[in-house]
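Chains A and B are the protein sequences, given in the same order. Following the UniProt record's numbering, the numbering of the first sequence begins with 1 at its first residue and continues without gaps. Following the UniProt record's numbering, the numbering of the second sequence begins with 1 at its first residue and continues without gaps.
Some hints could be false.
Intra- or inter-copy, both count: the list cannot distinguish identical chains.
What the hints assert, rightly or not - Here are the computed lysine to any residue pairs in the SDA-like style, where the Cα-Cα straight-line distance is at most 25 Å:
hint : residue 1 : residue 2
1    : Lys54     : Thr32
2    : Lys54     : Leu178
3    : Lys44     : Asp10
4    : Lys188    : Arg125
5    : Lys188    : Pro119
6    : Lys54     : Gln179
7    : Lys44     : Asp121
8    : Lys188    : Glu144
9    : Lys42     : Gln12
10   : Lys42     : Leu107
11   : Lys188    : Pro96
12   : Lys188    : Ala141
13   : Lys54     : Leu151
14   : Lys54     : Ala18
15   : Lys54     : Ile183
Hint data in this document are derived by calculation from the structure and do not stem from the laboratory.
2 protein chains.
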Amino acid sequence: MVTGSDGSDDTQEAIMRATYRALCEHGYANLTMQSIADELDKTKGVIHYHYDTKDALLVAFLEYLLEAFERNIAVDEDAPPDERLLTLIDTLLFGPPERGEFDHWELMTALLEIRTQAPFDEEFRRQLSQNYETVEAMFVATVEDGIEQGLFRDVDPELAAHLLFISLNGARVYQVTLQRDDIAEATKESLEEIVYGWLCRPEADVDTSSG
Amino acid sequence: MVTGSDGSDDTQEAIMRATYRALCEHGYANLTMQSIADELDKTKGVIHYHYDTKDALLVAFLEYLLEAFERNIAVDEDAPPDERLLTLIDTLLFGPPERGEFDHWELMTALLEIRTQAPFDEEFRRQLSQNYETVEAMFVATVEDGIEQGLFRDVDPELAAHLLFISLNGARVYQVTLQRDDIAEATKESLEEIVYGWLCRPEADVDTSSG
Numbered sequence: 001m002v003t004g005s006d007g008s009d010d011t012q013e014a015i016m017r018a019t020y021r022a023l024c025e026h027g028y029a030n031l032t033m034q035s036i037a038d039e040l041d042k043t044k045g046v047i048h049y050h051y052d053t054k055d056a057l058l059v060a061f062l063e064y065l066l067e068a069f070e071r072n073i074a075v076d077e078d079a080p081p082d083e084r085l086l087t088l089i090d091t092l093l094f095g096p097p098e099r100g101e102f103d104h105w106e107l108m109t110a111l112l113e114i115r116t117q118a119p120f121d122e123e124f125r126r127q128l129s130q131n132y133e134t135v136e137a138m139f140v141a142t143v144e145d146g147i148e149q150g151l152f153r154d155v156d157p158e159l160a161a162h163l164l165f166i167s168l169n170g171a172r173v174y175q176v177t178l179q180r181d182d183i184a185e186a187t188k189e190s191l192e193e194i195v196y197g198w199l200c201r202p203e204a205d206v207d208t209s210s211g
Numbered sequence: 001m002v003t004g005s006d007g008s009d010d011t012q013e014a015i016m017r018a019t020y021r022a023l024c025e026h027g028y029a030n031l032t033m034q035s036i037a038d039e040l041d042k043t044k045g046v047i048h049y050h051y052d053t054k055d056a057l058l059v060a061f062l063e064y065l066l067e068a069f070e071r072n073i074a075v076d077e078d079a080p081p082d083e084r085l086l087t088l089i090d091t092l093l094f095g096p097p098e099r100g101e102f103d104h105w106e107l108m109t110a111l112l113e114i115r116t117q118a119p120f121d122e123e124f125r126r127q128l129s130q131n132y133e134t135v136e137a138m139f140v141a142t143v144e145d146g147i148e149q150g151l152f153r154d155v156d157p158e159l160a161a162h163l164l165f166i167s168l169n170g171a172r173v174y175q176v177t178l179q180r181d182d183i184a185e186a187t188k189e190s191l192e193e194i195v196y197g198w199l200c201r202p203e204a205d206v207d208t209s210s211g
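So that you can see chain A by itself, here it is in the shape it has in the complex (with noise of 0.2 Å):
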């Protein structure tokens, strides 16, 4: 985001929030800049001064949501790599454990709006595919560390990455356009399977009975 000396970080920063309040309200095909001005209690000339188009304004807000969805997804990383992956899973599927900025599920609804929007736009495909690789690549490393350090089995981190990543994805929307809470708790359940029963080595998982 561009800043500047005169406070229009704020400003840009309220017209973000703004964005974010009519966007949950009103739905991605109802979102107009009279929506967000309302919300932001200003006229719309305020947000043209800093945003020439809605086009460009939706390409800073989905910037300012990934920004906010990485922060979120942080993780210790001197953890052992389970613990890692599993915290990572957690966060994914529930949100940060300190309550971030914004309602996880909320923020994801959000997402997903301006996802489905992304088959018709390149630089919201841009965007999306950026915020892809830096969650893959994170499963990647921890996944990496794991085999490493003996824990995980020598499988090909770039796969069990990619596997991690699309039901993670694929449970955001289940739940979201389904409106199921239930979907997050059942995919933490399968995935801790998955990473107990195939992804750590069987020595891990079968210790007191191999002998």
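Starting from the known structure of chain A, arrange chain B on it as the hints suggest.
Okay, now just chain B, sitting in the frame of chain A:
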């Protein structure tokens, strides 16, 4: 779909196909009764005769899409469970082997657009839930058969079905929104690894080396 003896079946089928073309061309946000009438090459009156409102038309349209989708994923019940599972995965990723009535990715894009409206529409949610249950039930039955035949480990079939379902769901959204036609292939690889590395009994996997 309501049927009649006056050729209204054909008209309704033609309206559904026109809605599909209009959706693919204009996207959900710009889908109007007029754009559908243009594709149908008839007046809006013809559409209104069959469907009172745009909402009623879209509910019928979602049913139509989901029926096409369910016809596309029918599998051979007599094939061995692991083969059936892979066929189901393949079909959900790449469409039916014998090309269905619709282009697979166009159908997926159209469905995603309607799914994104589901948080705001109870009837959409009801239909999609039913469809999800149908697909998940196919996975559950296949995993249960595999366990019964001693081919799969004694996992929780619901949990395995959930994992497969959300992965495929997530892969589809990923591929459609970011227009990445390599995602389906990467997902196929990940899920084959899960089927053979986790779900199948280790004996089946290491048969040659365990003597």
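Here is how each hint holds up against the structure:
1. In the homo-oligomer, the alpha carbons of Lys54 and Thr32 lie at most 25 Å apart both inside one protomer (8 Å) and across protomers (22 Å), since each shortest distance falls under that limit.
2. With identical chains, the CA atoms of Lys54 and Leu178 are at most 25 Å apart between copies only, with a shortest distance of 21 Å across copies and 29 Å within one.
3. Taking the closest pair of Cα atoms, Lys44 and Asp10 come within 25 Å of each other only inside a single copy of the chain (17 Å); across copies the shortest separation is 49 Å, beyond that limit.
4. For a Cα distance limit of 25 Å, the shortest separation of Lys188 from Arg125 across copies, 23 Å, qualifies, whereas the shortest one inside one copy, 28 Å, does not.
5. Within a single copy, Lys188 and Pro119 get their C-alpha atoms only as close as 29 Å, which misses the 25 Å cut-off; across copies the closest is 22 Å, which meets it.
6. For the identical chains of this complex, Lys54 and Gln179 are inter-copy neighbours only, at 23 Å across copies versus 29 Å inside a copy, given an alpha-carbon limit of 25 Å.
7. Taking the shortest alpha-carbon separations for Lys44 and Asp121, only the intra-copy value of 24 Å comes in at or below 25 Å, while the best inter-copy value is 30 Å.
8. Taking the closest pair of Cα atoms, Lys188 and Glu144 come within 25 Å of each other both inside a single copy (21 Å) and across two copies (21 Å).
9. Taking the shortest alpha-carbon separations for Lys42 and Gln12, only the intra-copy value of 13 Å comes in at or below 25 Å, while the best inter-copy value is 48 Å.
10. Within a single copy, Lys42 and Leu107 get their C-alpha atoms as close as 24 Å, which meets the 25 Å cut-off; across copies the closest is 42 Å, which misses it.
11. Within a single copy, Lys188 and Pro96 get their C-alpha atoms as close as 15 Å, which meets the 25 Å cut-off; across copies the closest is 31 Å, which misses it.
12. In this assembly of identical chains, Lys188 and Ala141 lie within 25 Å of each other by CA distance both inside one copy and across copies; the values are 20 Å within and 22 Å between.
13. Taking the shortest Cα distances, Lys54 and Leu151 never come within 25 Å of each other, neither inside one copy (49 Å) nor across copies (56 Å).
14. Taking the shortest Cα distances, Lys54 and Ala18 sit within 25 Å of each other inside one copy (13 Å), while across copies they are farther apart (30 Å).
15. Taking identical chains as interchangeable, the C-alpha atoms of Lys54 and Ile183 are never at most 25 Å apart, the minima being 34 Å within one chain and 31 Å between chains.
Consistency note: the structure conflicts with the earlier hints numbered 13, 15.
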